[in-house]
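A.B. asks: Residue-level listing of the chains:
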Amino acid sequence: MNLTFARKYYRLLSKTEGILYQNPLLALGLALPLAVIPSFSITGAVAISLAMLLCFVPTVFLASLLRGRFSTAGQVIVYPLVSCLLLIPAGKLVSWISPLIFDTLGVYFSLICVNSLLMFSVGQAQKKTPFAALKLALRQWLGATLVALVLGLIRELTGSGSVWGVTLLRNIPRLPVAQMAMGGFILMGFFAALCRLIHRSILRFTIKSGAALDAAALAQNQENSQGGEDR
Amino acid sequence: MIFLSEMFAAFITAMMLENLLFARAIDIPGLYEKRSPQQILLIGSILTAIIAVCSVPAYFINTLFTSHAAFVPYMTLSFLILNCLVFLGSYFGIRRFAPAVFAQIGNALPFYGVNCATLGTLLIAARLSTNIHFSSFFGYCLGSGVGFTCAMFVIWSMRQSMSLSRTPKAFRGLPITLIYLGILSLSLFGLLGNQLPS
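Chains as they are written, first to last, in the numbering used here: chain U, 1 to 231; chain B, 1001 to 1198.
Check before you lean on any hint, since a few could be wrong.
Stated by the list, open to error - Restricting the straight-line Cα-Cα distance to at most 20 Å, the calculated cross-link-like pairs of lysine to any residue (SDA-like) are: (1) U:92 with B:1071; (2) U:135 with U:28; (3) U:127 with B:1107; (4) U:135 with U:146; (5) U:92 with B:1075; (6) B:1169 with U:194; (7) U:92 with B:1078; (8) U:92 with B:1074; (9) U:128 with U:57; (10) U:208 with U:13; (11) U:208 with B:1169; (12) B:1169 with U:22; (13) U:128 with U:16; (14) U:127 with U:17; (15) U:127 with U:70; (16) B:1169 with U:197; (17) B:1169 with U:27; (18) B:1169 with U:202; (19) U:92 with B:1073; (20) U:8 with U:205; (21) B:1169 with U:28; (22) B:1169 with U:201; (23) B:1169 with U:198; (24) B:1169 with U:200; (25) U:127 with B:1110; (26) B:1169 with U:204; (27) B:1169 with U:199; (28) U:92 with B:1077; (29) U:92 with B:1069; (30) B:1169 with U:207; (31) U:128 with U:58; (32) B:1169 with U:205.
Worth flagging that the hints you see were computed from the coordinates, not collected in a lab.
Using the sequences provided together with the hints, build the complete structure.
C.D. replies: Here's what the structure looks like:
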């Protein structure tokens, strides 16, 4: 039964590569500016995620369509420019979330077009078919969005006691530091460590259970062989 | 004299108080990789040179764009094009005139030429004030590059210290680096004050 659990866990890991397993933010430390600063509230995290969906995913897909056409130097020019062009319509869409969203996001909205996740994924897309690259981009985006939303939720709740501007926690001490850069760094560090700890614990559990089952099977084989000799 | 004092004030602000990494969380790919101090100095010098060269035309673009509201949405695009042009110039310049340096970091050079640090600095400097003087703009861009190089040295020294200490397994690598960055950021925010970067 435990081995079944282990198999299921590994299947889950392989299916969620880029989302839960090898998350671009928690495992690789990519797109740090977008994860640490705009995720001071869930509104900022949603706005950045939406803009990334519109800029990042099509750019990576395009990179796979045009794979092999550009050198590395060409790639860092062409794809950020494509992403920057897509940022203009994305900005209009994101402004529907909140009229003051650009004041709160500041330059971080513009940094979507040159973030390290885009450069990394463009490099990965060079080795993939367009469909596989699209899947990769969606997984990476989903992984980044998941982390940004969780961070945004925790930081807004602890910093101002509200979620999406709606006050949920009253008469509870606030922690404004959670909404600043240092809060983002520290929370993300602990979050990355927690995810790693959970992963390691599951692996240790499966290895132990696997070893226990192997020992039990070995003992049973020995008993069977002894019984056969007695007979 | 006023030019120099303004430039110095902006330089110190960008380098220390509003450090790209500690105060604004702006990094570049591969920052946490193991590197030697020589490589860090080389990368930092190239990055600072690219930002400083970009800052000169960027100041005039910013002056032009802020006076015409219709152009403002295209400011990022114009700064990115400028950044790409300066990067191309430096890429081919290094390849032509400093082949030894190019051989050392040639593959990684594109990632240090166009990234969040270069574009972010230009955008932040442009947002500082609408009537900012050239000296402040240039000083800020120069200070950002130097500050980023210093931040990379700090990360390097932290990694050296951490390699000799017993860190819990779950915290090794990226998590402890992020927590360390957070604590350093906290010390800078003590000087900067309680405000969100924009």
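A.B. asks: Hint by hint, say whether it matches the structure.
C.D. replies: Hints, one by one, checked against the model:
Distance check on the hinted pair: residue 92 of chain U and residue 1071 of chain B sit about 15 Å apart at the alpha-carbon level, within 20 Å; holds. Taken as a hint, the residue 135 of chain U and residue 28 of chain U pair is honoured in the structure, with Cα atoms around 18 Å apart against an allowance of 20 Å. With a CA separation close to 17 Å, the supplied pair residue 127 of chain U and residue 1107 of chain B stays within the 20 Å bound. For the hint linking residue 135 of chain U to residue 146 of chain U, the alpha-carbon distance of about 16 Å falls within 20 Å, and the restraint holds.
With a C-alpha separation of about 15 Å, the suggested pair residue 92 of chain U and residue 1075 of chain B falls inside the 20 Å cut-off, and the hint holds. Among the hinted pairs, residue 1169 of chain B with residue 194 of chain U is consistent with the structure: their alpha-carbon atoms are about 11 Å apart, no more than 20 Å. A C-alpha spacing of about 18 Å is found between residue 92 of chain U and residue 1078 of chain B, which places the hinted pair at or below 20 Å, so the restraint holds. With a CA separation close to 13 Å, the supplied pair residue 92 of chain U and residue 1074 of chain B stays within the 20 Å bound.
Restraint check: the Cα-Cα separation between residue 128 of chain U and residue 57 of chain U comes to about 14 Å, which is no more than 20 Å; the hinted pair holds. Restraint check: the Cα-Cα separation between residue 208 of chain U and residue 13 of chain U comes to about 19 Å, which is no more than 20 Å; the hinted pair holds. Straight-line distance between C-alpha atoms of residue 208 of chain U and residue 1169 of chain B comes to about 19 Å, which keeps the hinted pair within the 20 Å bound. For the suggested pair residue 1169 of chain B and residue 22 of chain U, the alpha carbons sit about 17 Å apart, so the restraint of at most 20 Å is met.
With a C-alpha separation of about 18 Å, the suggested pairing of residue 128 of chain U with residue 16 of chain U holds against the 20 Å cut-off. Straight-line distance between C-alpha atoms of residue 127 of chain U and residue 17 of chain U comes to about 17 Å, which keeps the hinted pair within the 20 Å bound. Our distance criterion of 20 Å between C-alpha atoms is met by residue 127 of chain U and residue 70 of chain U, whose separation comes to about 13 Å. Simply put, residue 1169 of chain B and residue 197 of chain U have alpha-carbon atoms about 8 Å apart, close enough for the 20 Å limit, and the pair holds.
For a cut-off of 20 Å, the pair hint linking residue 1169 of chain B to residue 27 of chain U stands: about 14 Å separates their Cα positions. A threshold of 20 Å between alpha carbons decides the hint, and for residue 1169 of chain B with residue 202 of chain U the separation of about 15 Å falls inside it, so the pair holds. Distance restraint check for residue 92 of chain U and residue 1073 of chain B: the Cα-Cα separation of roughly 10 Å lies within the 20 Å cut-off, and the hinted pair is therefore satisfied. With a C-alpha separation of about 13 Å, the suggested pairing of residue 8 of chain U with residue 205 of chain U holds against the 20 Å cut-off.
Taken as a hint, the residue 1169 of chain B and residue 28 of chain U pair is honoured in the structure, with Cα atoms around 16 Å apart against an allowance of 20 Å. A hinted pair counts as satisfied when its Cα atoms are at most 20 Å apart, and residue 1169 of chain B with residue 201 of chain U qualifies at roughly 12 Å. Annotation: proposed proximity of residue 1169 of chain B to residue 198 of chain U holds, straight-line Cα distance about 12 Å (limit 20 Å). The suggested pairing of residue 1169 of chain B with residue 200 of chain U holds, with an alpha-carbon distance near 10 Å, which does not exceed 20 Å.
This hinted pair checks out: residue 127 of chain U and residue 1110 of chain B have alpha carbons roughly 19 Å apart, not beyond 20 Å. This hinted pair checks out: residue 1169 of chain B and residue 204 of chain U have alpha carbons roughly 13 Å apart, not beyond 20 Å. For the hint pairing residue 1169 of chain B with residue 199 of chain U, the CA-to-CA distance comes to about 12 Å; that is within 20 Å, so the pair holds. Restraint check for residue 92 of chain U and residue 1077 of chain B: the C-alpha separation of about 15 Å stays at or below 20 Å, so the hint holds.
Of the pairs offered as hints, the one joining residue 92 of chain U and residue 1069 of chain B holds, with about 16 Å between alpha carbons and a cut-off of 20 Å not exceeded. Restraint check for residue 1169 of chain B and residue 207 of chain U: satisfied, since their Cα atoms lie roughly 18 Å apart, inside the 20 Å limit. Between residue 128 of chain U and residue 58 of chain U, the direct Cα distance comes to roughly 15 Å. Compliance with the 20 Å bound is thereby established for this hinted pair. Distance check on the hinted pair: residue 1169 of chain B and residue 205 of chain U sit about 16 Å apart at the alpha-carbon level, within 20 Å; holds.
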